[in-house]
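Chemist: Based on the sequences and whatever the hints tell you, model everything.
Residue numbers (my numbering), protein chains in the order written: chain A, 1 to 137; chain B, 1001 to 1483.
These are computed hints drawn from the structure, not numbers from a lab. Some clues are possibly wrong.
Claimed, not checked - Rough simulated footprint, nothing fancy, chain A against chain B, three-plus residues with beta-carbon under 8 Å:
no. : stretch
1   : 1317-1323
2   : 1396-1402
As the list claims (entries may be wrong) - The calculated lysine-lysine pairs, modelled on DSS-like cross-linking and capped at a C-alpha distance of 25 Å, are:
no. : chain 1 : residue 1 : chain 2 : residue 2
3   : A       : 113       : A       : 37
4   : B       : 1062      : B       : 1021
5   : B       : 1385      : A       : 37
6   : B       : 1048      : A       : 37
7   : B       : 1048      : A       : 24
8   : A       : 129       : A       : 67
9   : B       : 1139      : A       : 37
10  : A       : 24        : B       : 1139
11  : B       : 1234      : B       : 1349
12  : A       : 37        : B       : 1312
13  : B       : 1439      : B       : 1048
14  : B       : 1312      : A       : 24
15  : A       : 113       : A       : 67
16  : A       : 37        : A       : 24
17  : B       : 1139      : A       : 112
18  : A       : 24        : B       : 1439
19  : B       : 1349      : B       : 1312
20  : B       : 1041      : B       : 1451
21  : B       : 1021      : B       : 1041
22  : B       : 1244      : B       : 1234
23  : B       : 1439      : B       : 1041
24  : B       : 1129      : B       : 1139
25  : B       : 1349      : B       : 1106
26  : B       : 1021      : B       : 1451
27  : A       : 113       : B       : 1139
28  : B       : 1312      : B       : 1139
29  : B       : 1385      : B       : 1139
30  : A       : 37        : A       : 67
31  : B       : 1062      : B       : 1312
32  : A       : 129       : A       : 37
Just so it is clear, CB atoms sit at the ideal spot from N, CA and C, and this is done for glycine as well.
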Amino acid sequence: MTFDYIVSGDDFSSAGTASQDIKKRLQQLGVPVPVVKRTAIAMFEAEINMVIHAHGGEAHVTIDEHKITIVMEDHGPGIPDIDLAMQPGYSTAPESARDMGWGAGMGLPNMKKNSDFMKIESTVGVGTKVTMELNIT
Amino acid sequence: MTDNLNTSQFHSVHLHEEDCKGCTICVTGCPAEAIRVRDGKAHIIEEKCIDCGECIRRCPNKAKYANSNELSDLELFARRAALIAPAVYAQFNLHYTTEQIHEAFKSIGFTDVVDVSPDALSVSRATAKLFESGRPLPKPLISSSCPTVIKLIEVRFPALIDNILPLLPPVEICARRVRRQIEKELKPGERLGIFFISPCPAKITVARSPVGYDATALTGAFSFANLYLPLITKLREIRDEQKKKVAALQQSEKLAAVQKADASSAARLLENENTAVPDGLTWGRESGEAEYVARYLSHPERFCWITSCGIKQIIETLEGIENGEYSCYDFAEIAACSGGCLGGPLMIKAISESGAHMRMRIRERAAASEKACEDLDPDAIALSKDIAPRPARQLSTDFGQARRMMEQLEEIAAQLPGLDCGSCGAPNCRALAEDIVRKQAHLEDCVTIMKARYEELLFGKKKKKMSGTENPEKDNEHDNDRQ
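Modeler: Here is the structure:
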């Protein structure tokens, strides 16, 4: 079962709608509360990242019997140094995002912390694909 | 007494069936999507209801009401205490003194009238102690005083249950205090009844089914809206009586000014004298609670809080807390009603006016509340029972079955027109799809689909977008009907 979302770029007011919808669906499915919470946080951070850095993109969430797979794909600037980007506190967020309270450099670390598996594929100038998996136990 | 008392553990909202037209205004306005119109009448889905009273506000036919105690119930008790919350005092114009308000409550049947504001201060003080105890606390702690917020968390934000301030709400602390005091004075065989005068259905429900603790010291609750007329009638009598007796009834020149002068100049007059005299009375309005907590902290400047009120806004705030956006804050004062308890569905005055009353009454009550405020140990007033998640959204307890149902739900939702008109009796098309999957509704409940079917049968027209009409099995059914 897969759900697809378009995350619109530069629109902070609608950022978070995809993760909110997924949260509702996971509750409908009876997924344990802590897993729902971690999924919501991981996906919300990813959504915000997409809006801040990549003018939006697409989110695909697959719910299998044992795991939730979140694929976030954008056609933004790409991440030149993934290891650096993963460091807590590191951020390239623009001033506009910082004014809104974002850009603390905790997005990627938070996504990693809240998921059971995370993979980042990125090509500068082409885009970024983040895959996160959470086990349903 | 129990005959007419609602027994639902979830809510106190009742329906005058004969007044319900089945219009679906409450259905589409319900923030919990907990109402359906079936057989022409509005029904509440118990486990989804968060007791916010939005349906009472919205019903154009006044068919919804909060079922509470009636004055005749008081006859069973030798001592009858009315607990008055700050927001209730604010419902009365300033030319009525606190003493007169208390007298009015006594004249309609109560023997004891107790102000809850000192207990609100006690809770704030204990909350401050909790913050300074060095215990690890989730951030932010969410105020436990609004039962609708707790219920919303149970249903929709179960991950935030641990964030709820683990302290009893002021009304319970007050009820226990009053019970301790008055019980000593009872003669053998006499009964004590303690009743909360409630601004909302949720706090009426709490008097019978508390959340977070088992035994409540309350006997019941009254809807303030039901008491307003008898109270205001008595208040007028009391005032007229006093007017006759002495011309100098006015307690001070300022109160006289309030009576005579226009509202704004009176407000200015009072405000000059009363700037920043804090009092438990402000608990009933937005930010009132947090300001008190801050006041009892040794470093109030380090205390960060957020406030949120009004059902739409609080859902956004809780989403934010769940997403981890507000983890830099210590405290979240969240109230379901816009304007805090002043905006309760059973309140009479508009928030603009009651808010002004509250500001001005502060002076009158400050000293009394401060004096009566108790220094309580947080452990002594701790919540004693776990707040449990309420999985009202869950389609099935079996994960495989739930997944199959969600797939069906998606298929059905794709057939529905997406107008969210509410005519089927469900709040929106997705909710109808969910009801169909739960076998509580039919595709034909959708008027758009039904209309397309009729048109097809009558004129042989087939509308392009109505894929719902392409179900051969169903079409056959209708053909049979026609024969």
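Chemist: Now tell me, hint by hint, if it's right for this structure.
Modeler: Consistency of the hints with the structure:
Note: the stretch 1317-1323 of chain B has 3 residues with beta-carbon separation from chain A under 8 Å; the three-residue rule is met and the coverage holds. Counting residues of the stretch 1396-1402 of chain B whose CB falls under 8 Å from any CB of chain A gives 5; the rule of at least 3 is met. A threshold of 25 Å between alpha carbons decides the hint, and for residue 113 of chain A with residue 37 of chain A the separation of about 12 Å falls inside it, so the pair holds. The straight-line distance between the Cα atoms of residue 1062 of chain B and residue 1021 of chain B is roughly 10 Å, inside the 25 Å bound, and the hint therefore holds.
Restraint check for residue 1385 of chain B and residue 37 of chain A: the C-alpha separation of about 23 Å stays at or below 25 Å, so the hint holds. Restraint check for residue 1048 of chain B and residue 37 of chain A: the C-alpha separation of about 20 Å stays at or below 25 Å, so the hint holds. Note on residue 1048 of chain B and residue 24 of chain A: the hinted pairing holds, with a Cα-Cα distance of about 14 Å set against a maximum of 25 Å. A threshold of 25 Å between alpha carbons decides the hint, and for residue 129 of chain A with residue 67 of chain A the separation of about 19 Å falls inside it, so the pair holds.
Restraint check for residue 1139 of chain B and residue 37 of chain A: satisfied, since their Cα atoms lie roughly 15 Å apart, inside the 25 Å limit. For the proposed pair residue 24 of chain A and residue 1139 of chain B, the alpha carbon gap of about 23 Å is at most 25 Å, so the pair holds. A threshold of 25 Å between alpha carbons decides the hint, and for residue 1234 of chain B with residue 1349 of chain B the separation of about 18 Å falls inside it, so the pair holds. A hinted pair counts as satisfied when its Cα atoms are at most 25 Å apart, and residue 37 of chain A with residue 1312 of chain B qualifies at roughly 21 Å.
At roughly 17 Å between alpha-carbon atoms, residue 1439 of chain B and residue 1048 of chain B fall within 25 Å of each other, so this suggested pair holds. Restraint check for residue 1312 of chain B and residue 24 of chain A: satisfied, since their Cα atoms lie roughly 16 Å apart, inside the 25 Å limit. Between residue 113 of chain A and residue 67 of chain A the CA atoms are separated by roughly 16 Å; this keeps the pair inside 25 Å, and the hint holds. In summary, the hint linking residue 37 of chain A to residue 24 of chain A is supported, as the alpha carbons are separated by about 11 Å, within the 25 Å threshold.
Between residue 1139 of chain B and residue 112 of chain A the alpha-carbon distance is near 21 Å, which keeps this suggested pair within the 25 Å criterion. The hinted pair formed by residue 24 of chain A and residue 1439 of chain B meets the criterion: a straight-line CA distance of about 20 Å does not exceed 25 Å. For the given pair, residue 1349 of chain B sits about 22 Å from residue 1312 of chain B by alpha-carbon distance, which is consistent with the 25 Å threshold. Taking the CA atoms of residue 1041 of chain B and residue 1451 of chain B, the gap is about 22 Å. The hint holds against a cut of 25 Å.
Restraint check for residue 1021 of chain B and residue 1041 of chain B: satisfied, since their Cα atoms lie roughly 7 Å apart, inside the 25 Å limit. Taking the CA atoms of residue 1244 of chain B and residue 1234 of chain B, the gap is near 15 Å; set against the 25 Å cutoff, the hint holds. Distance check on the hinted pair: residue 1439 of chain B and residue 1041 of chain B sit about 19 Å apart at the alpha-carbon level, within 25 Å; holds. Between residue 1129 of chain B and residue 1139 of chain B, the direct Cα distance comes to roughly 16 Å. Compliance with the 25 Å bound is thereby established for this hinted pair.
For the hint linking residue 1349 of chain B to residue 1106 of chain B, the alpha-carbon distance of about 22 Å falls within 25 Å, and the restraint holds. Distance restraint check for residue 1021 of chain B and residue 1451 of chain B: the Cα-Cα separation of roughly 22 Å lies within the 25 Å cut-off, and the hinted pair is therefore satisfied. Taking the CA atoms of residue 113 of chain A and residue 1139 of chain B, the gap is near 18 Å; set against the 25 Å cutoff, the hint holds. Our distance criterion of 25 Å between C-alpha atoms is met by residue 1312 of chain B and residue 1139 of chain B, whose separation comes to about 22 Å.
Of the supplied pair hints, the one linking residue 1385 of chain B and residue 1139 of chain B holds, its CA atoms being roughly 21 Å apart against a limit of 25 Å. Between residue 37 of chain A and residue 67 of chain A the alpha-carbon distance is near 14 Å, which keeps this suggested pair within the 25 Å criterion. Simply put, residue 1062 of chain B and residue 1312 of chain B have alpha-carbon atoms about 23 Å apart, close enough for the 25 Å limit, and the pair holds. Restraint check for residue 129 of chain A and residue 37 of chain A: the C-alpha separation of about 22 Å stays at or below 25 Å, so the hint holds.
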